[in-house]
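Engineer: Here the protein sequences come in this chain order: L and X.
So that you can map any letter, position 30 of the first sequence is 30 in this note's numbering, and since no number is skipped, the others follow by simple counting.
So that you can map any letter, position 673 of the second sequence is 673 in this note's numbering, and since no number is skipped, the others follow by simple counting.
Warning: the hint list may mix true and false statements.
Covered by chain L, per the in silico footprint, the following chain X stretches (three or more residues, Cβ under 8 Å) [stated by the list, open to error]:
# : region
1 : 35-45
2 : 112-121
3 : 290-301
4 : 409-423
Subject to a maximum C-alpha distance of 16 Å in a straight line, what follows is the list of computed EDC-like cross-link-like pairs (lysine to aspartate or glutamate) [as the list claims (entries may be wrong)]:
#  : chain 1 : residue 1 : chain 2 : residue 2
5  : X       : Lys279    : X       : Glu230
6  : X       : Lys294    : L       : Asp332
7  : L       : Lys294    : X       : Glu230
8  : L       : Lys279    : L       : Glu572
9  : X       : Lys279    : L       : Asp332
10 : L       : Lys294    : X       : Asp336
11 : X       : Lys294    : L       : Asp336
12 : X       : Lys279    : L       : Asp336
13 : L       : Lys124    : L       : Glu102
14 : L       : Lys279    : X       : Glu353
15 : X       : Lys381    : X       : Asp336
16 : L       : Lys279    : X       : Glu230
A few chain X residues that don't get close to chain L, going by computed Cβ distances all over 10 Å [claimed, not checked]:
#  : residue
17 : Ala51
18 : Thr75
19 : Arg190
20 : Ile433
21 : Ser531
22 : Gly570
23 : Ala645
24 : Arg656
25 : Glu709
In short, the hints are calculated from the structure, not lab data.
Glycine included, every Cβ here is placed at the ideal spot set by N, Cα and C.
There are 2 protein chains.
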Amino acid sequence: MTSTIDDPTMTPVRAESMRRLFSPSRMALVGASEKNLFSRRAFQQYQRVGAGRELFLVNNRSAQVHGVDTVPTCTAITGGIDCAYLLTPQHATSAALTDAIEAGARAAIVLSQGWAEQGGEGVKRQQELVDQARAADVLLLGPNHLGFVNLWERIAACGLGLDLPVEPGHLALVSQSGAVASSLVGYASRQGVRFSYVITTGNEAMVTVADAVGYLAEDENTKAIAVFAETIRKPAVFREAARRAAELGKAIVILKAGSSELAAQTAAAHTGALVGDDKVIDAVLRQDGVIRVKSVEDLICTGALCAEIGPLRAEGVGVLSVSGGACDLLADRGQDLGITFPSLSARTSARLEEILPAYAHPQNPLDVTGGALANPDVWRKGIEAFADEPEIGLIGVVTSLPTAGEPQRDDTFRAVGETCAATGVPGVIFPQIDQVQSDYVNEVKVASGVQHVMPSVERFVLAAAGLTQWSGWLRARSGRTGVAGVAGAEALGSPARVRLPGQGGPLSEQDARAVMTAAGVPMVPAELVGSRAEAVSAAAALGGSVVLKMCSGEVAHKTELGGVELDLEGPEAVSAAYDRIVARATSAGVRLDGVLVSPMRRGGLELLVGVTRDAEWGQVLAVAFGGALVEVLQDSALRVLPVGADDVREMLTELRGHRLLGGFRGSAPVDEDRLVEVILAVAELAQALGDEIESVEVNPLRVSGDEIEALDALITR
Amino acid sequence: MTSTIDDPTMTPVRAESMRRLFSPSRMALVGASEKNLFSRRAFQQYQRVGAGRELFLVNNRSAQVHGVDTVPTCTAITGGIDCAYLLTPQHATSAALTDAIEAGARAAIVLSQGWAEQGGEGVKRQQELVDQARAADVLLLGPNHLGFVNLWERIAACGLGLDLPVEPGHLALVSQSGAVASSLVGYASRQGVRFSYVITTGNEAMVTVADAVGYLAEDENTKAIAVFAETIRKPAVFREAARRAAELGKAIVILKAGSSELAAQTAAAHTGALVGDDKVIDAVLRQDGVIRVKSVEDLICTGALCAEIGPLRAEGVGVLSVSGGACDLLADRGQDLGITFPSLSARTSARLEEILPAYAHPQNPLDVTGGALANPDVWRKGIEAFADEPEIGLIGVVTSLPTAGEPQRDDTFRAVGETCAATGVPGVIFPQIDQVQSDYVNEVKVASGVQHVMPSVERFVLAAAGLTQWSGWLRARSGRTGVAGVAGAEALGSPARVRLPGQGGPLSEQDARAVMTAAGVPMVPAELVGSRAEAVSAAAALGGSVVLKMCSGEVAHKTELGGVELDLEGPEAVSAAYDRIVARATSAGVRLDGVLVSPMRRGGLELLVGVTRDAEWGQVLAVAFGGALVEVLQDSALRVLPVGADDVREMLTELRGHRLLGGFRGSAPVDEDRLVEVILAVAELAQALGDEIESVEVNPLRVSGDEIEALDALITR
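Extracted from the complex, chain L is given alone in its bound form (with noise of 0.2 Å):
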């Protein structure tokens, strides 16, 4: 983790703050009044949720708000606060912040708008509020938000809707937006998804998402978390939350909307234009094994799914439907979306042939027919014989939801629920389209034992896509040689500091060169060369075709400045290319360092390998296909560093043309060991060199069966 004691900012919130702050003794209202709307809701929340903990209405000119009787002040109360909710507008927080401490709060939401939301002075009003709480060791969660619940404790601090289930859950919910968080718990309530907590962290001046979900993590209700975020502020701090998460095997779901500044980006290196700042957390969730939704609806429904289910025992998907259209779109978007329906063993077949109609084919997903509603054994003995594949970790059943007076519809709950119990495979009930979860539903699941119902086919696939790609990154994390996380950056064995000569700028290629050569990468052999005599005697001892390069620190992109001469033969060529590159590099004022001889190289494939800087996430290593083609086809791979060799060997397998890698029509297969090992060299030394440098990059690495070598190398800086 970076090292930030003095920068409040990158350090995680402490567990015993935000305990004060989640699970306080003694809570006061302040700004309790009939007329403001936010306080009727939060008072009606605390009392729906079951008033688990003393609350304490604040109005300095009513005596009664709410039917409850008021104090004046904090300071009036019997006992004190320690956690104060503060609905009073901008201009009168600070004064009701100082009252709160005074009377003990050590805990304060902040619900106005106002602040740094608004820009200008509403930053510098808002920073001047942090500093006032954090002089009193007050933690604030906010401002410009709509609070929190915990609803295993029965603690309402918040201004979300009154359709909020008071149930108590096992998915927590965070979200940066108040009025997204409404939404979201709104249509939870419709779907029968219930929370462990809610939290709204709006401007975050002290408690960010990272905070609230390393916090989360560690709560034992919590068994999954889904996250709206427009900006993730503490990276390192969310980055160690997720792999806590991992490690307790709960999942994190997060729908990142807004495309924040694109990462600080190098303009004299080509990795930089691969590393847009979306797709550097793109790889950074990938990378910590956080689920990544596209819709506020998959959002719920699939930290849902992840909250009842949990990590599966493998990874493949079976399906038993009474619609066959239903099996079709399953398959159609299984495969868009990369589910596995696992073929079915001869014996399952048979085993599937007793118990349905003759023409029907045992095949996942499976059509029951409609025969099914009318006999709930053929729901039991297709989930038996299902649930005995085992490459099957999760079942799902597509039906109607029942309505009351639909006795068939109960018979298949519960043939569903009694059978998934029993062989311990969990099962998921789902209709064809769209549907809302009524409480007539809820009865029946309850009832019957079902872990869990959704929506729709269309919820289910996503969701399925994302707990079934979790559970097999929480498998293989166990299993890897590198590391995953923040953590594991000693794995790699703390590379040494490199540095490097001469300062500022890039490095000339024959200083690059050193420097790669000394970390391990191979490079093309090159000579520099001072004189037209030098190069034909250079050109003459390597033999056949040569290339030239013009070579100077002032000169990042030579291609450009006509300073690379190809397939050089005999030495009228190589003196007149020699010549010509002496007068362009003359003419465009760059001061050489001499040229560069090497040999022409044909055939084979060529990698681009580099690491740039991300202002947020640090140093992101990129690997892409293709030479010149590198920016026309964006065929890359990403991942923040630290990396590990089978973090590598992932990086390949999600380039469209890893195939190539394979040998290809005739052409002999690339030693990928030895691939992986030069491409952790390239991520290693830009560990190494650290904040010394802005870029490392090798392009192109030319890779030709078990010839792997950097043809060129440029370090920025």
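Given the coordinates of chain L, assemble chain X onto it according to the supplied hints.
Structural biologist: Chain X only, in chain L's frame:
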């Protein structure tokens, strides 16, 4: 269109026959019975939709069914019938049909299962039923489906669920699957979507999806058509229907489920590997402007948006939202899905600044902030400003849907409805997260004149992507130089028939070269030589480095036999290569026509241009990047022939590597006009050869600035 007078499966059902089926005067429900769920449902639907036509219940055992007097047979109906809805089981269908025909029926709806869907004998039984019907000029709908409803004429002959909305609307729904149709109409009713027709086609013994779409395109109450299909049985009829719908400005939205067999592939031509069945269908749908969706929910939501809004004046979308989070999500998803949110002119920004809080930013999507709920003028002025932007053709408004007792949200609806009507730019309201459309919302919508309400941001972006892209396609269509759809085949000037030399098997490269050259495809020079000496002298005449290639009608892929020798310079190299090629041909048992000598080309880009035959859709043109990388990168674009210049130009822009053609890192831009001509020449040659060939392929077509030259050609038959 394929000439298939003798093949009734390839001709469209005549409009007057369809009219007899879907708008009969007197219908019989044959097999009506209290005990039969489908009978009860059919009768209830008949009553629910308004009993627009006379209906007789046929039962030979009970004098009354569903409270109505029955007749024992159709022939017992005084005055006869013109359409029969047969609920009889499979084994009793033929007799029931005979009775119906005798009573005058010229159309019949066959509900039962037990036909072609069960294979084997079932296929035979279905054919017998069709023969019986055809002999009496009777049109059959089904079997194995759930009938149809015609809502404007209040005619129902269906087994769809009783949540089918009975008020007529402008979206027609066609579904092969009855079960899926049932789900779809239930969802539609929850989302306030209304239908003109719902038609299920089942096994499509006579009436296919293509026939239904063609019929509905001409229906004046139908403004858009939603289709759920697993196969498209009459490709040419479907394309003609799509052409007609486009002509009338009616969108077709399709959910194509299930992957049918891969298109008949040509092992001898690499193009084959690019032409999977689903890719061809995807290309056809794009060519014909059919909007393809991926989920059942989107089928309804996109269909309904198109039906209510119709073609747009411009493809840009303007959004006003009470939630900043929704703006971010819209921008993110819009980018994923190809929606344009035009940026605002300075004038519009200034107008918006007047109505927004000081800290808010005028942009699109626009966060109007919570203030708009209290002040509907924000909506009015905001929409007026957006409507003055000529690039905006559709306005979206994000706000929660109203419930009774929330007058603020009613005001929002009124402001949106009135302002959109006044400006003439259509407006759609939708909440941030999935919500069902209550009866109250429907009332408010109608009262306020809001054109359309959708369930969520996510459904809106998916539907708006379809509508805007279709609107753009429709506009471009009128100005195209080439052809769109089947009817325009003449536009190419019906290429004259070309005869190929020899018979059967692939052509030798020399023969293929001659055919290509005659067709206007520029081929690299080549001389066919029959001896070492001829090879040497041909090489000397060309000068520089040469290529030698095995030439034989017995070899399609000469590289695999070692039949290509590259980069040969000097008599010795040429002689040796000649000998090696002859030796390899001999040892492989290949009869040589000779050896081709061509100049060696370097640099530039390589394309593949090929035409293969798809069993369903006919000749398919593929354009791809890559030489040897073709199969790995799969960067290809497909079109069904015939195509025009604009189609080919569009194909080039679909390639990921398209930017390369514009010149890359100093290389000259490719002459795209010339490239299009050459690709069209290949396409026209394939059309002219017609059934005589299996495939025509140029691979690689080398392009470098204005040099465009085919380096190899393959014609197989």
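Engineer: Each hint should be assessed against the structure and marked as holding or not.
Structural biologist: A quick look at each hint next to the structure:
1. Counting residues of the region 35-45 of chain X whose beta-carbon sits less than 8 Å from any beta-carbon of chain L gives 0, not enough to reach three: the coverage restraint is violated.
2. Evaluation of the coverage hint for the region 112-121 of chain X: fulfilled, as 3 residues show C-beta separations to chain L shorter than 8 Å, against a requirement of three.
3. Only residues whose beta carbon comes within less than 8 Å of a beta carbon in chain L count, and the region 290-301 of chain X has 4; three or more means the coverage holds.
4. Three residues within the 8 Å Cβ limit are the bar, and the region 409-423 of chain X against chain L gives 0, so the coverage statement is violated.
5. At roughly 15 Å between alpha-carbon atoms, Lys279 (chain X) and Glu230 (chain X) fall within 16 Å of each other, so this suggested pair holds.
6. Between Lys294 (chain X) and Asp332 (chain L) the alpha-carbon distance is near 9 Å, which keeps this suggested pair within the 16 Å criterion.
7. For the given pair, Lys294 (chain L) sits about 27 Å from Glu230 (chain X) by alpha-carbon distance, which is inconsistent with the 16 Å threshold.
8. Of the pairs offered as hints, the one joining Lys279 (chain L) and Glu572 (chain L) is violated, with about 48 Å between alpha carbons and a cut-off of 16 Å exceeded.
9. At most 16 Å may separate the alpha-carbon atoms for a hinted pair to count; Lys279 (chain X) and Asp332 (chain L) meet this at roughly 13 Å.
10. Taken as a hint, the Lys294 (chain L) and Asp336 (chain X) pair is honoured in the structure, with Cα atoms around 10 Å apart against an allowance of 16 Å.
11. Taken as a hint, the Lys294 (chain X) and Asp336 (chain L) pair is honoured in the structure, with Cα atoms around 10 Å apart against an allowance of 16 Å.
12. Under the criterion of a C-alpha separation no larger than 16 Å, the hint pairing Lys279 (chain X) with Asp336 (chain L) is consistent with the structure, at around 14 Å.
13. Simply put, Lys124 (chain L) and Glu102 (chain L) have alpha-carbon atoms about 24 Å apart, too far for the 16 Å limit, and the pair is violated.
14. Pair hint Lys279 (chain L) plus Glu353 (chain X) does not hold up; C-alpha atoms about 34 Å apart against a cutoff of 16 Å.
15. Between Lys381 (chain X) and Asp336 (chain X) the alpha-carbon distance is near 30 Å, which puts this suggested pair outside the 16 Å criterion.
16. Annotation: proposed proximity of Lys279 (chain L) to Glu230 (chain X) is violated, straight-line Cα distance about 36 Å (limit 16 Å).
17. Distance check for Ala51 (chain X) against chain L: the nearest CB is about 27 Å away, which clears 10 Å, and the non-interface claim stands.
18. No Cβ of chain L approaches the Cβ of Thr75 (chain X) within 10 Å, the least distance being about 33 Å, so the stated non-interface status holds.
19. Not every CB of chain L is more than 10 Å from the CB of Arg190 (chain X) (nearest about 8 Å), against its label as outside the interface.
20. For Ile433 (chain X), the requirement that its beta carbon stay farther than 10 Å from each beta carbon of chain L is not met, with the minimum near 4 Å.
21. Here Ser531 (chain X) stays apart from chain L, with its beta-carbon at least about 29 Å from theirs, past the 10 Å limit.
22. Chain L leaves Gly570 (chain X) outside its interface by the beta-carbon criterion, the shortest separation being 13 Å against a cut-off of 10 Å.
23. The beta carbon of Ala645 (chain X) is kept farther than 10 Å from every beta carbon of chain L, the shortest such distance being approximately 24 Å.
24. Residue-level check failed: Arg656 (chain X) sits 6 Å from the nearest beta carbon of chain L, not beyond 10 Å.
25. The Cβ of Glu709 (chain X) lies farther than 10 Å from every Cβ of chain L, with a closest approach of about 21 Å, so its non-interface assignment holds.
Violated hints, listed in ascending order, are 1, 4, 7, 8, 13, 14, 15, 16, 19, 20 and 24; each of the other numbered hints is respected by the structure.
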